[in-house]
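Student: Make a model of the complete structure from these sequences and hints.
2 protein chains.
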Amino acid sequence: MPTLADIDTPAALIDVRRMQANIARMQARMDGLGVKLRPHVKTSKSLPVVRAQLEAGARGITVSTLKEAEEFFDAGIDDIFYAVGIAPGKLPRALALRRRGCDLKLVTDNVAGAEAVARFGKAHGEAFEVWIEIDVDGNRSGIPPEGDALLDVGRALHEGGARLGGVMAHAGGSYAHDTPEALQAAAEQERAGTVRAAERLRQAGLPCPVVSVGSTPTALSAQALGGVTEVRAGVYVFFDLVMHNIGVCTMDEIALSVLATVIGHQQEKGWAIVDAGWMAMSRDRGTQKQKRDFGLGQVCAEDGTPIAGYIVESANQEHGIVCRADGIDPRIAERFPVGTRLRILPNHACATAAQFPAYHAIVPEGVAVWPRFYGW
Amino acid sequence: MPTLADIDTPAALIDVRRMQANIARMQARMDGLGVKLRPHVKTSKSLPVVRAQLEAGARGITVSTLKEAEEFFDAGIDDIFYAVGIAPGKLPRALALRRRGCDLKLVTDNVAGAEAVARFGKAHGEAFEVWIEIDVDGNRSGIPPEGDALLDVGRALHEGGARLGGVMAHAGGSYAHDTPEALQAAAEQERAGTVRAAERLRQAGLPCPVVSVGSTPTALSAQALGGVTEVRAGVYVFFDLVMHNIGVCTMDEIALSVLATVIGHQQEKGWAIVDAGWMAMSRDRGTQKQKRDFGLGQVCAEDGTPIAGYIVESANQEHGIVCRADGIDPRIAERFPVGTRLRILPNHACATAAQFPAYHAIVPEGVAVWPRFYGW
Numbered sequence: 001m002p003t004l005a006d007i008d009t010p011a012a013l014i015d016v017r018r019m020q021a022n023i024a025r026m027q028a029r030m031d032g033l034g035v036k037l038r039p040h041v042k043t044s045k046s047l048p049v050v051r052a053q054l055e056a057g058a059r060g061i062t063v064s065t066l067k068e069a070e071e072f073f074d075a076g077i078d079d080i081f082y083a084v085g086i087a088p089g090k091l092p093r094a095l096a097l098r099r100r101g102c103d104l105k106l107v108t109d110n111v112a113g114a115e116a117v118a119r120f121g122k123a124h125g126e127a128f129e130v131w132i133e134i135d136v137d138g139n140r141s142g143i144p145p146e147g148d149a150l151l152d153v154g155r156a157l158h159e160g161g162a163r164l165g166g167v168m169a170h171a172g173g174s175y176a177h178d179t180p181e182a183l184q185a186a187a188e189q190e191r192a193g194t195v196r197a198a199e200r201l202r203q204a205g206l207p208c209p210v211v212s213v214g215s216t217p218t219a220l221s222a223q224a225l226g227g228v229t230e231v232r233a234g235v236y237v238f239f240d241l242v243m244h245n246i247g248v249c250t251m252d253e254i255a256l257s258v259l260a261t262v263i264g265h266q267q268e269k270g271w272a273i274v275d276a277g278w279m280a281m282s283r284d285r286g287t288q289k290q291k292r293d294f295g296l297g298q299v300c301a302e303d304g305t306p307i308a309g310y311i312v313e314s315a316n317q318e319h320g321i322v323c324r325a326d327g328i329d330p331r332i333a334e335r336f337p338v339g340t341r342l343r344i345l346p347n348h349a350c351a352t353a354a355q356f357p358a359y360h361a362i363v364p365e366g367v368a369v370w371p372r373f374y375g376w
Numbered sequence: 001m002p003t004l005a006d007i008d009t010p011a012a013l014i015d016v017r018r019m020q021a022n023i024a025r026m027q028a029r030m031d032g033l034g035v036k037l038r039p040h041v042k043t044s045k046s047l048p049v050v051r052a053q054l055e056a057g058a059r060g061i062t063v064s065t066l067k068e069a070e071e072f073f074d075a076g077i078d079d080i081f082y083a084v085g086i087a088p089g090k091l092p093r094a095l096a097l098r099r100r101g102c103d104l105k106l107v108t109d110n111v112a113g114a115e116a117v118a119r120f121g122k123a124h125g126e127a128f129e130v131w132i133e134i135d136v137d138g139n140r141s142g143i144p145p146e147g148d149a150l151l152d153v154g155r156a157l158h159e160g161g162a163r164l165g166g167v168m169a170h171a172g173g174s175y176a177h178d179t180p181e182a183l184q185a186a187a188e189q190e191r192a193g194t195v196r197a198a199e200r201l202r203q204a205g206l207p208c209p210v211v212s213v214g215s216t217p218t219a220l221s222a223q224a225l226g227g228v229t230e231v232r233a234g235v236y237v238f239f240d241l242v243m244h245n246i247g248v249c250t251m252d253e254i255a256l257s258v259l260a261t262v263i264g265h266q267q268e269k270g271w272a273i274v275d276a277g278w279m280a281m282s283r284d285r286g287t288q289k290q291k292r293d294f295g296l297g298q299v300c301a302e303d304g305t306p307i308a309g310y311i312v313e314s315a316n317q318e319h320g321i322v323c324r325a326d327g328i329d330p331r332i333a334e335r336f337p338v339g340t341r342l343r344i345l346p347n348h349a350c351a352t353a354a355q356f357p358a359y360h361a362i363v364p365e366g367v368a369v370w371p372r373f374y375g376w
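First to last, the protein sequences are chains A and B.
So for the first sequence, our numbering puts the first residue at 1; every next one is plus one.
So for the second sequence, our numbering puts the first residue at 1; every next one is plus one.
I should point out that these hints are in silico values taken from the structure, not numbers from a laboratory.
One or more hints might be untrue.
As the list makes no split between identical chains, a pair holds if one copy fits it or if it spans any two.
In silico DSS-like cross-links for lysine-lysine, where the CA-CA straight-line distance does not exceed 30 Å [unchecked claim]:
1) K289 / K269
2) K269 / K90
3) K90 / K36
4) K269 / K291
5) K36 / K67
6) K90 / K67
7) K122 / K90
8) K122 / K67
9) K67 / K289
10) K291 / K36
11) K291 / K122
12) K67 / K291
Tutor: This is how it looks when you write it as structure tokens:
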């Protein structure tokens, strides 16, 4: 098995020890709260990572694309929730998965979508299981827990012949917080709104067995999850600088990094140029509006030790500019000579990972190649 | 052959008629200026696109990764310039390409890099051809045309046994301009600095046959290219909203778009939610600091007609938020019902294209699938 020294740059490294600790931490938390964990696999899109989550106790997976559903179903995973509002044009692919035995669950937040699923299901003799997306914080999609729209969608599904499987919410607004108190409040808001929606459906005589909530910040902050049956979370498996700024992980828990090589300098400017540009790091600037801006990433030594104050400040497609965040290091070329290898911690693990066809996973015996897929 | 209606979303569409016009325009310009065109294929990473460029008259290609060099050499293209400063650790892969018959040219901007190439070449009996990167606008890498460093690097290559093949520059600073006068001045600055560097090398008794400059804005603005032997440019093949804001293309010339489907609304906010999030569009916000901010993209009808004032304002991984740029459209759900298909023009074609495993190319007979690769 190759060692780290054999790996060409740029490469997406997984610190498997950290990843396993992150998985164990989240699973223990969900076990303690008495809910199932359904990890969102959009973060890794890699079977060895998802297998580790399932082996630790996760029950089923969440996906963001039908491609993910197809890939993981082919690998033997059949309890799959596709968490993006179903586009009517994707129903034939969803049907094909169900016909092959996949327990695929869909979601919608509107009557038109609900009717389209019910109509297509009826035409093809398939009772699709559909969940209703609830809006708990005005962040993106979903129906408010109060108001007529929720019951309208519920009835369109139930009376149209689909299986109303439950409600789900994603507290995307939690990403804006960075104190335990605010995160706990966001988690409670997510829980309360979703449970309230489920109760209203049940009071109206509609079925609602599943109550699904989730985001990494709220999952790691919730104090109690009464009425919730399962939690979805994704980025916790790797963590990243955005999660570090939110306060739900330390820098030492970030399991994904990009290995890069110094290829030149602009000494007067205090720049070292590395071969990891935005194609490797992604263009995600998630820490820009947070309490600490890491540019495009935090610089670490090749062994993973953070080098305080050094970030990837900007990038072109295959060039990253490494410098001090707070001024010019006039000795940058001595500090990081040409050929120096560095690890860069990413702002957003989901975005950075997506740039790579495979991970290089650091295991006790060396470095294993873990394939990763992309596309839709 | 499938038609556009058969294509699932999100998809990366190429308007092949526009692409061919863009290729013809740049080739005619370079022919008129009396220089060779060596297109940068990092934009498309797709053989049918690159073949169209070569068939129109391009001579050789520019690549940003050794993976691109390997893929296109395997497809029969042997005149390849790898335009990112060589990392010493990549020399074995470069050697393997040369041993297979690829006329691969490398670049460096420092003595350490030059010595590493010369030393590795001597140890393996290979005289690598290396160009020297010149810094013409303080934008990124490169050596100033004046000063000792240029001659130091030239001698390290030449006397070390490598083949000093020429000089090259990239006027990345041209992206900050948006008037013909400023762009023409940037092009002249790029030309003059690079030619000056070549003259200084020659005066010192060093060889410098190639004088290579390029960026899409300067290539389309240069009034004369005396002393230049070739021009490199990449994004012109597709164009994008950044190039539109710079003023080197019209919106009607943008050949790449993302096909998306409406999956829901937040009517009070004036939002339509589409299934093209940042995973499809990329996180590139290149128009943010330009004269017109298109968010993550300009919304068009499915047939490609721009819908003035509607942009993708923000995005999650698989959700894009479509709205008016200047306020709330209270009738957004009537305008774009669930299931509506839209095309989104990207800020930065290189970044958006990179998110897709293949293009869907609109040709007279229907829609062809053009594979695209990624990785390093």
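Student: Now look at each hint and say whether the structure bears it out.
Tutor: Comparing the hints with the structure gives:
Proximity of K289 and K269 under a CA criterion of 30 Å is satisfied in both settings, with 25 Å inside one chain copy and 23 Å between copies. With identical chains, the CA atoms of K269 and K90 are at most 30 Å apart between copies only, with a shortest distance of 26 Å across copies and 51 Å within one. For the homomeric pair K90 and K36, the shortest alpha-carbon distance inside one copy (28 Å) is at most 30 Å, but the shortest distance between copies (46 Å) is not. For a Cα distance limit of 30 Å, the shortest separation of K269 from K291 qualifies both inside one copy, at 25 Å, and across copies, at 28 Å.
With identical chains, the CA atoms of K36 and K67 are at most 30 Å apart within one copy only, with a shortest distance of 24 Å there and 42 Å across copies. For the identical chains of this complex, K90 and K67 are intra-copy neighbours only, at 11 Å inside a copy versus 33 Å across copies, given an alpha-carbon limit of 30 Å. Taking the shortest alpha-carbon separations for K122 and K90, only the intra-copy value of 16 Å comes in at or below 30 Å, while the best inter-copy value is 58 Å. For the homomeric pair K122 and K67, the shortest alpha-carbon distance inside one copy (24 Å) is at most 30 Å, but the shortest distance between copies (48 Å) is not.
In the homo-oligomer, the alpha carbons of K67 and K289 never lie at most 30 Å apart, since the shortest distance is 32 Å inside one protomer and 35 Å across protomers. In this assembly of identical chains, K291 and K36 lie within 30 Å of each other by CA distance neither inside one copy nor across copies; the values are 33 Å within and 49 Å between. In this homomeric assembly, K291 and K122 never come within 30 Å of each other (Cα to Cα): the closest approach is 51 Å inside a single copy and 51 Å across copies. Taking identical chains as interchangeable, the C-alpha atoms of K67 and K291 are never at most 30 Å apart, the minima being 36 Å within one chain and 38 Å between chains.
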